[in-house]
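Just need the whole structure built from these sequences, with the hints factored in.
Just so you know, the protein sequences line up as chains X, S, F and L, in that order.
If you want the working numbering, it's the 1-based position in the first sequence plus 6.
If you want the working numbering, it's the 1-based position in the second sequence plus 6.
If you want the working numbering, it's the 1-based position in the third sequence plus 6.
If you want the working numbering, it's the 1-based position in the fourth sequence plus 6.
It is possible that some hints are incorrect.
Identical copies carry no separate label here, and so any pair may be met within one copy or between two of them.
[To be verified] Listed below are the simulated BS3-like cross-link pairs for lysine-lysine, each with C-alpha atoms no more than 25 Å apart in a straight line:
id, residue 1, residue 2
1, Lys111, Lys87
2, Lys87, Lys133
3, Lys332, Lys133
4, Lys198, Lys332
5, Lys332, Lys209
6, Lys111, Lys198
No wet-lab data here; the hints were simulated from the structure.
All values reported here derive from a predicted model rather than from experimental measurement.
Number of protein chains: 4
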Amino acid sequence: MSFNTFGHLFRFTTWGESHGPALGVVVDGCPPGLPISEEAIQRDLDRRKPGQSRFTTQRREDDQVRILSGTFIDEADGVLKTTGTPISLMIENTDQRSKDYSEIKDKYRPGHADFTYHQKYGIRDYKGSGRASARETAARVAAGAIARAALPGVTIRASLVQIGPHKIDYARFDWDQVDQNPFFCADPVAAKAWELYLDGIRKDGNSVGAVIEVVAEGVPPGWGAPIYGKLSADLASAMMSINAVKGVEIGAGFEAAALTGIDNADEMRAGPAAPYFTSNKAGGILGGISNGDPVVVRFAVKPTSSIISPRLSVTTANEDTEVITKGRHDPCVGIRAVPVGEAMMALVLADHYLRHRGQTGREGGIGY
Amino acid sequence: MSFNTFGHLFRFTTWGESHGPALGVVVDGCPPGLPISEEAIQRDLDRRKPGQSRFTTQRREDDQVRILSGTFIDEADGVLKTTGTPISLMIENTDQRSKDYSEIKDKYRPGHADFTYHQKYGIRDYKGSGRASARETAARVAAGAIARAALPGVTIRASLVQIGPHKIDYARFDWDQVDQNPFFCADPVAAKAWELYLDGIRKDGNSVGAVIEVVAEGVPPGWGAPIYGKLSADLASAMMSINAVKGVEIGAGFEAAALTGIDNADEMRAGPAAPYFTSNKAGGILGGISNGDPVVVRFAVKPTSSIISPRLSVTTANEDTEVITKGRHDPCVGIRAVPVGEAMMALVLADHYLRHRGQTGREGGIGY
Amino acid sequence: MSFNTFGHLFRFTTWGESHGPALGVVVDGCPPGLPISEEAIQRDLDRRKPGQSRFTTQRREDDQVRILSGTFIDEADGVLKTTGTPISLMIENTDQRSKDYSEIKDKYRPGHADFTYHQKYGIRDYKGSGRASARETAARVAAGAIARAALPGVTIRASLVQIGPHKIDYARFDWDQVDQNPFFCADPVAAKAWELYLDGIRKDGNSVGAVIEVVAEGVPPGWGAPIYGKLSADLASAMMSINAVKGVEIGAGFEAAALTGIDNADEMRAGPAAPYFTSNKAGGILGGISNGDPVVVRFAVKPTSSIISPRLSVTTANEDTEVITKGRHDPCVGIRAVPVGEAMMALVLADHYLRHRGQTGREGGIGY
Amino acid sequence: MSFNTFGHLFRFTTWGESHGPALGVVVDGCPPGLPISEEAIQRDLDRRKPGQSRFTTQRREDDQVRILSGTFIDEADGVLKTTGTPISLMIENTDQRSKDYSEIKDKYRPGHADFTYHQKYGIRDYKGSGRASARETAARVAAGAIARAALPGVTIRASLVQIGPHKIDYARFDWDQVDQNPFFCADPVAAKAWELYLDGIRKDGNSVGAVIEVVAEGVPPGWGAPIYGKLSADLASAMMSINAVKGVEIGAGFEAAALTGIDNADEMRAGPAAPYFTSNKAGGILGGISNGDPVVVRFAVKPTSSIISPRLSVTTANEDTEVITKGRHDPCVGIRAVPVGEAMMALVLADHYLRHRGQTGREGGIGY
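Right under this line is the structure:
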């Protein structure tokens, strides 16, 4: 969790800019002997890929992943498996068309990181967004596919649950719907309504925010650790590190603030083999440690700041100006953040799984 | 950010349980030559100390801090200063009265970490909450006082902005009010109204959640770093690591999800020396890097799970039962989380300040 | 391994100066449920304690350790055990007699860290050596006792194998002799001869260096990891971090440079259950990973720089001078480094054990 | 310093095997605005490249480096510079000729890491050495070229000072000779004599060890930090992490053990602007912190274990056998370790430089 590396035992380091030759990720600490394949990684990458509907950027990025290290073909079964050493994944940038940057060359884009990058590094790199490009999230998704392979028995899924002011109806929540609409939305009725709404936003040269919910089922009790190694703290860091994210909550989240202790507590009952909770306001985490219930995280994505409507801005010489950000931008970056949220959940869990196993010698709680 | 340590260059490690002889913190990486004193640390600790009004637990904890290492008296001016080596701070536990634990000895408390600790560590330590006790936050507050000393020019303040469903009116926001009421609330009218509300909660043997807002002014542009070292990501981790916190947001936070790009972008204007933003929806952070505006973080605290109303639960032998948590618990743990939030803000900023200076050789942005 | 913390999963942080009220260590990441006791820690501390023979400093330091956190009494068997949360150990400084520092107040001591501390921190703290005092090693020894408890089946022992130019005869090597002489020396004949030699050194107001060999038996194959997580690299860092250490070697060490591949390779033979090596030039480590043979490390300790013979030096005002370091210093700091070396070996192994178990789910190699 | 990552603020992560498509390194935390070029990196790589004399392996590896990220062309001067974000460097493997591995498929090579990798990871990857291949050091050398650019005023050079039992004569030490002979040896007379010696070793199908000395001049006082962040401890870890290294020493190193305090102490004298030392037994480091003198490190490389002379070994089925390692192996891997040692010195210093600047705000000591 230092600059471009995330995780402790299962850790990954991403690199690359949208306007360079390639981007990639190095996954370190992966258990040996796990079957992985470029195809499985590609499946996850393809879900994040732009240009799949009119609601995402029309840039063409093939996002073709290559495994450069850390695997071998097991002669016993002919399957590609991890060796336990660093897995290097690379995605070449293929759509580096020469753009006209004259509009933004000397102008900061409001709400964009180009001002703060300039301040921090003393560098004015107006061509593309450098590391601030959402393209970096492709590397996370690739790493997340490896993390999933390291988490047998855990199912991680995500859904867009809000776009602009429009929320889903949880009564209609159906995971099977997520890949049936361009919004990764578990509520098919909401997804249908959102099409019209987002068409309007897009045609106005505007953009809009969103909320994504990520759920991990099958996490045993015992992962996570007090105090600064809380599962919730690492999930908060993980989700907040995604581009444009401004809020993260676990379980009932901010709504818990409005509840009383009587209403908020998840009561317990004796189960056939172990106790269970009658509700999951906790989002599967108590005291920073998983309790066996689904781990539930939501994060808020702000509307993309790159819009073609003119905004007041300033030149690099500190003079008032207006700026219009042309180019092929997502009207709602939150949509493509859905597979990214899944990946970050997988990456956090894989790390905590190994850390828990390291300290206790168990896979999960005392009965696991 | 590994188990009980937080931070990279400016880092701290906390230890201790509420029912042991003491608790404490080791602060490492602090710049040398900073004036600090037990008095200054004590001032911050006294704000967090329980028993200061009827709205916090009536436990008596003196929270008297001792500096055990890392300082020297400068013979030039007679002032106690940091040496640059680890500063060890210890707080002895003085109110370890022998309690009757028979009620909870064999029963899990719903919403409490005792179930997950038992699962993780295989240990049933029903006396007190072990590391899950909010008493650990005293160590953070002590460390935070050191961090403040390392941040000249930065002012960090916090306010309770919501208790249960009742929010403050930002039109009445006045920092000078914060220490004038038992809620650390910047809105005096709200604070007055809350007294009645919380008296009711308390008399019902219930508890309630809260939202805290922390603001850091004077942070120069340039602190923080892409991608996993984002200032926002570390703040999210820091706040989420506080007991009972279930949500964190920066600037407009979850509200940004409902906004359009036109409404959400903070426009820029030329200032006398440097550009400024006409609004602060970003909460002072763009692309994970501070932009010179106040850094604004809010976090949601759930209602304490330890309430005297009976709740359905399970015994350690997996049999249905009911549990009542007696003892002197806070009806709203969010109140005492206010100084804790300030401390965590200071600790994150001090780390990012040093990391930025290390990488760039500058104190802040290109003009700083 | 950042400033005052060492280790990854099993990690510890030390604090304190020789002239402050106390020093201590926080051990984090320890497996839960391990029996530990102040008595067991004290036994190791007492071996390091000064004043046990005329060959170590005559300072009286009781080095009485207190466990402040991280343990509980298991009601099932009445035994004190680790909880899995931070174990804080404190040793109060009892012999802080007011000394006359006028001789060294304004003079650097050649070969001593006071010059570099002054340069680094801008602080001239001539009273004691601050963190550079060998007294810090008491904290390591205390932590090492916890590490030993986390390493069942592993036996760690050390011996002084050279003092000044005088080496032991390995033909006489007998671990049972180590605690029978004031040098922790496995060769009783050498130990006898060294008494006379070191008496001479001491009477001359001089000091002398030493070499310590540390051996860990019972380490299974598989601990350690390529490339920067090599067991050998962490052992090198661990031993080099001990005061006055200027060299570290594994197995044949520097002698391996003079050998040919034919002479240096440890050949293998089939054993009853697994292969074994016919020699151990590798010191139990191949490619940074343990091979099942005893792990063998040697480290060189320079002669203490604090001697009463006058040495050319410089004042803090950069004027030529002479300096004599009075006080009660060890004529050979290497002697008391023996238990410190054992502790560092235990601490490195405990960390690698947990890291290996975390990544692979195994306690050792494929057959383990 | 966790598995495949080294460093804290200036850190790098290597990946890749000798028999995969490529290997590489990601350098993170580099200061922005530093001029770098593929040419400069290539120059260092070419010194490490095999096949440059008959004394190194005849494998043909072009070791052509590509910069994939983290740089931009400064429009002001047309120079390629670092952006401050991760620098990804890749070297494709070009000489992956299909070899006949039947000899070693089921046999462990004595002294080689294949046994321990098999034990640790449960994987038998007999084709090449995986991560244990010395080819990984190309990635370090590439990273080291970046580190050099981050260290203005520091000159880092290295020399082979011993090969087998034959040491150089320091009276003839001349840095200008290092690139004039196939041994990177500063003593031209020794280098000449070594040719005959190593020809004999090579013709015998044998191999031999070596000692390398690395010297950094221009390091200001103040870099490094107590206790586990000692410059010496990180250098020990860095050098010990190089393939086949079995010993590391600083300054007088193991010889210091044989000296008395009178003989070992570097005395000080007043210089024109600051004190200086009349000798450098300390190797430029006191208390883990640089003292302004040249930093001097030596490390011992064992003879390569891959030799064509038959050695007793064991099959993977635990049966006695003999093994001959054919292929194109270095008769003395120590030769090509010379530029690797320089790189590791640069990488350690760059990290400590930034850490020191972060904590203190200074570039070096109090006068710097």
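- Should Lys332 paired with Lys209 be assigned to within, between, both, or neither, using CA atoms and 25 Å as the limit? The answer is within: 14 Å in one copy meets 25 Å, while 60 Å across copies does not.
- Item | Within, between, both or neither: Lys111, Lys198 at alpha-carbon 25 Å | Answer is neither: 39 Å inside a copy and 53 Å across each miss the 25 Å cutoff.
- 25 Å Cα cut-off: does Lys198 pair with Lys332 within a copy, between copies, both or neither? Neither, since 28 Å and 51 Å both go past 25 Å.
- Classify it for me, Lys111 with Lys87: is the Cα-Cα distance of at most 25 Å met within a copy, between copies, both or neither? between (46 Å within a copy, 19 Å between copies)
- Task: Please work out whether the CA atoms of Lys332 and Lys133 approach to 25 Å or closer within one copy, between two copies, in both situations, or in neither?
- Result: within (13 Å within a copy, 52 Å between copies)
- Given a CA cutoff of 25 Å, do Lys87 and Lys133 count as a within-copy pair, a between-copy pair, both, or neither? between (39 Å within a copy, 15 Å between copies)
The structure is inconsistent with the numbered hints 4 and 6, although it conforms to all the rest.
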